[in-house]
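Q: Kindly generate the complete structure, drawing on both the sequences and the hints.
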Amino acid sequence: MFSLVVMLFALRSWMACALMAVGMVHYARLSGVFLATMAIWSAIFIAQLSAMRECAAGERHPACGCVDAAIDWRPH
Numbered sequence: 015m016f017s018l019v020v021m022l023f024a025l026r027s028w029m030a031c032a033l034m035a036v037g038m039v040h041y042a043r044l045s046g047v048f049l050a051t052m053a054i055w056s057a058i059f060i061a062q063l064s065a066m067r068e069c070a071a072g073e074r075h076p077a078c079g080c081v082d083a084a085i086d087w088r089p090h
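Each residue of the sequence shown is one higher than the one before, counting from 15 in the numbering used here.
Watch out, some of these pointers could steer you wrong.
[Said to hold, decoys possible] Pairwise CB distance ranges, derived in the manner of DEER restraints:
1) 16 to 46: 33 to 39 angstroms
2) 64 to 43: 24 to 30 angstroms
3) 45 to 68: 15 to 21 angstroms
4) 24 to 54: 20 to 26 angstroms
5) 44 to 24: 17 to 23 angstroms
6) 53 to 20: 17 to 23 angstroms
7) 48 to 28: 30 to 36 angstroms
8) 17 to 53: 19 to 25 angstroms
9) 48 to 68: 18 to 24 angstroms
10) 25 to 47: 27 to 33 angstroms
FYI, nobody ran anything at the bench for these hints, they're computed from the structure. Everything numeric in this text was worked out from a predicted model, so none of it was measured. The C-beta atom is built at its ideal place from N, Cα and C for all residues, glycine as well.
A: This is the structure we're talking about:
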């Protein structure tokens, strides 16, 4: 799910938000617990994507260390 949101966010950020909003409507129809869980995951996704965008732009963000560590794990 995160990879789909990332691809949509790379195209247009509003597309990723629209996908999550549609998902929230779906989960709201199922259960309040599912809706709360989806809201938490959506907030986490948006926070990660925003941090990744800031890191890519060269701005230092607390999450940049995590992004750098995720990129640098590969053997050179």
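Q: Tell me, which hint numbers fail for this structure?
A: 1, 3, 5, 7, 9
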